[in-house]
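> Residue numbers (the working numbering), protein chains in the order written: chain A, 1 to 216; chain B, 1 to 216.
Just to be clear, a hint being listed does not mean it is correct.
Looking from chain A toward chain B, a few residues come up when the C-beta cut is under 7 angstroms (computed) [unchecked claim]:
#1 26
#2 73
#3 214
Source of the hints: derived by calculation from the structure; they are not laboratory data. We treat Cβ as the ideally placed atom computed from N, Cα and C, and that holds for glycine.
Listed here are the chains, written in short residue letters.
Protein chains: 2
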Amino acid sequence: MIERAAQGSRERLPLGVAARLSRYLQVLTQAKKMGRSTISSQELAEYTHVNPTQIRRDLSGFGKFGKRGVGYNVDALVSQIRKILRTAGRRHNIALFGAGRLGQAIAGSEIFADHGFRVVAVFDVDPDKIGMEVRPGLRVQPYAEMRRVIEEEGVVVGVLAVPSSVAQQVADDLVAAGVRIIFNYSEALLQVPPEVTVHTSSPAVDLLYALYFYLT
Amino acid sequence: MIERAAQGSRERLPLGVAARLSRYLQVLTQAKKMGRSTISSQELAEYTHVNPTQIRRDLSGFGKFGKRGVGYNVDALVSQIRKILRTAGRRHNIALFGAGRLGQAIAGSEIFADHGFRVVAVFDVDPDKIGMEVRPGLRVQPYAEMRRVIEEEGVVVGVLAVPSSVAQQVADDLVAAGVRIIFNYSEALLQVPPEVTVHTSSPAVDLLYALYFYLT
DNA sequence: TAGATTGTTAATCGATTAACAATC
DNA sequence: TAGATTGTTAATCGATTAACAATC
């Protein structure tokens with residue numbers, strides 16, 4: 001606890017704790033939208049599939065955020081976790097690659113916006129798509145412009161909604177442009193240098209896992 | 001090992017093992033597509049973010065699948081893991097809800113097909129979308145038909161690509177129709193009975209997590 | 001043979017769980 | 001006060017890691 005109280009410090013959280021706090025934040029944000037003002041560790045557990053004792057333990061390491069007999073104040077907890085994860089009051093810019101059906105769905109979604117992520121650019125190679133308005137004020141730009149735009153806009157994350165066949169090329173270009181976080185919606189296995197983090201979206205993995213417990 | 005050798009038995013795998021095996025399978029399937037015939041635990045570790053020793057440990061619990069100095073045969077390992085996860089030679093039918101941009105992207109993707117999941121029905125309430133061919137041989141059907149189709153087709157998984165505002169209603173209807181696995185692409189927090197598993201897709205969670213380590 | 005990588009052990013670390021006093 | 005839920009401890013279980021002999 002004494003060590004953990006060093007929350008605002010330079011100390012990095014253990015991987016597991018950071019991952020779980022991110023999940024709590026997602027649920028809390030949504031609970032807030034649904035008009036909830038408090039939430040118990042039990043409810044958080046149902047939505048995150050994390051053990052309720054684990055949740056209380058994770059949170060109590062940073063302070064006494066809850067109220068016994070009541071639960072946690074949603075607004076207050078959102079603020080606290082944002083502080084811990086260092087995303088409070090910051091905006092992080094995303095560049096999206098591929099303006100097909102998936103790319104359009106991502107550009108039009110609120111899913112990133114709720115956490116301070118903003119899609120500031122969309123790129124495609126298809127001349128028919130360039131100039132298309134995927135969302136008010138956001139038009140598809142030619143892929144050739146990616147390097148310049150990434151630098152000008154201070155893009156931190158690249159999201160790949162391109163065919164698997166070109167995903168590696170885009171990843172290489174992103175790495176060369178200095179982007180360190182890549183979110184891969186294609187099926188390709190991407191090769192990147194160690195300082196770059198790739199997250200590949202694989203809904204089938206979660207489905208296989210859920211199915212196993214259904215079948216047994 | 002003696003206990004684990006009971007792979008084909010009724011014994012359920014620990015949660016963590018089942019989750020990791022699913023991830024190995026995803027990577028192996030893709031590696032196979034890319035023409036790889038063998039893969040080392042080291043490489044699997046890079047793509048799955050699971051420790052290489054852990055991977056060897058997980059696999060050796062079921063048999064000696066690897067070859068020292070070489071690695072694992074991709075085809076053979078895919079077969080073995082499918083057997084362990086009980087998905088070998090089976091087809092599992094999926095019903096998709098919502099034929100908007102996201103729904104169309106999912107229907108057109110190979111991502112589920114590679115693991116024996118097949119989208120056998122797409123539903124929407126919008127009369128303009130009904131009858132639309134989202135992929136050869138697969139047309140959008142009216143939502144009102146969902147119950148009948150789910151029973152006829154033996155649907156095991158419901159995938160929600162609908163607006164958050166109607167997600168709970170669809171989830172309730174799926175539960176009533178006997179579906180036990182729900183994959184939620186909306187942001188809604190879904191209330192379901194304990195026998196039903198909900199997985200909510202939250203790319204923002206993974207992004208927050210990656211960002212934390214980037215910022216620190 | 002030399003190099004690489006598995007299979008396996010042992011030691012450490014983090015997660016899970018039950019239990020319950022504190023307290024709202 | 002009664003009921004609910006946090007904060008916290010202690011015990012167990014599973015994951016991680018380093019190390020290395022076996023062997024392809």
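> Run every hint past the structure and note whether it holds.
Quick rundown of the hints versus the structure:
| no. | hint | result |
| --- | --- | --- |
| 1 | 26 | 5 angstroms, holds |
| 2 | 73 | 17 angstroms, violated |
| 3 | 214 | 6 angstroms, holds |
Violation of the numbered hints given earlier is confined to hint 2; every other hint is satisfied by the structure.
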